[in-house]
Amino acid sequence: MGQAATKRLTVEEFFDWCPKDDSRWELVDGVPVAMAPASDMHAILLTRLLAAADRALANRWPCSARTGAGVVRPDRNDTFLIPDMLVSCAPPRRDALYPAEPLMVAEVLSPSTANDDRQVKVPIYRQIPSIREILLLDPMRMYAEVLRRLDGERWLSDLAVLPDARLRLESIGLDIALADLYAGLPLDEAEDD
Amino acid sequence: MAETALKKLTVEEFFDWCPDDDTHWELFDGVPVAMAPTKSAHRILAAKLAALLDRALSKKPECRVETPGGVAKGAYSYYEPDLLVSCGPVSPEERITGNAVLIVEILSPSTERTDRRIKTPDYRDMPSVRELLLIDPSAVYCEVHRRHDGDVWVVEFLRSLSDTLRLDSAALDVPLYEVYEKVPLDETEGG
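Order-wise, the sequence lines are chains H and X.
Just so you know, the first sequence maps onto residues 162 to 354 in the numbering used here.
Just so you know, the second sequence maps onto residues 438 to 628 in the numbering used here.
Bound conformation, chain H alone (with noise of 0.2 angstroms):
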């Protein structure tokens, strides 16, 4: 059980250290974890969750959503992460690597990250007092999970999982139905694998 001496890093180090190449890296607790390439499935929904949320925010800049924004922690210096979609309502900086005050963060699921973005990544977005929803969505079958912050350290969960139900995220005024998300997505049809 022999511990290996990592040397844990800071954010500052980890944007120095991460390679310039085309792979993804998130930061938890000091170190650095590479991130999975996206589904096809994953991509598809991603970019239909980004223009529903750009709809919904037209005419509120400069609140915006985008994909590849990172997320530190205020209290901690040792933890960067990257949600599939991020909403901020600061001013974008010219020189900033991450936005100020993320408002809501979705993920996307899949087999591999799930586990992870449910026990590691919802708990450190939970810590973040500005983000109110946390959006988690499955591509292979309809189904959205919104927490939402009522109040301090309580979150409401809303479920959706029918074609009729609607996915609704109240911090940026987004409203879809479930049947419009998922539109044409070869989903699995199976309840029991």
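Mixed in with the good hints there might be a few duds.
What the hints assert, rightly or not - Covered, in the sense of this in silico footprint (three residues per stretch, anywhere, with C-beta under 8 angstroms from a C-beta of chain H), are these stretches of chain X:
1. 546-555
2. 576-583
3. 588-598
No lab work stands behind these hints, which were simulated from the structure alone.
Glycine included, C-beta positions come from ideal geometry on N, C-alpha and C.
Fit chain X to the known structure of chain H by using the hints.
Chain X only, in chain H's frame:
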């Protein structure tokens, strides 16, 4: 794209059809589905939770713990949650528990998606259900879903052995180190 002309079973037809062997079956919208055999961490956690709940329910003589439970949603769905607590009258021959106040599902990689996507919304739709516990047997992780107001649910997340698992519907208030005391957790977890 041939469609099989499957006849959906009602819960009553399902009980007549259900093979009388040791296999457990559930009914999802009219379709019977066999339940996967459990693993040791799952069974140890289930036994511990049953013991803790049973002890806590000495304060609520009208309530009892069942493991596994049996609940119906509408005419075409029947689930066996890992544990449930029900209160009020109970009849010995009843297959379906109609007055569950607490439902517990022990998560596993093979069933988590169904537990979350199918069962959780259906459990929330059962008017008697006040609390829902989703608990991971491989890492310290619990979600307590509580009915907040009508169909609005608040979730509490527990991730540390020093956190307290509080289930008001069963008068349970116990630290997680006690819940997980004998459960063999994954060593690979980084946290």
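Now the hints, each set against the structure:
1. 546-555: Holds, because 8 residues of the segment 546-555 of chain X bring their Cβ atoms closer than 8 angstroms to Cβ atoms of chain H.
2. 576-583: holds (count 3)
3. 588-598: holds (count 7)
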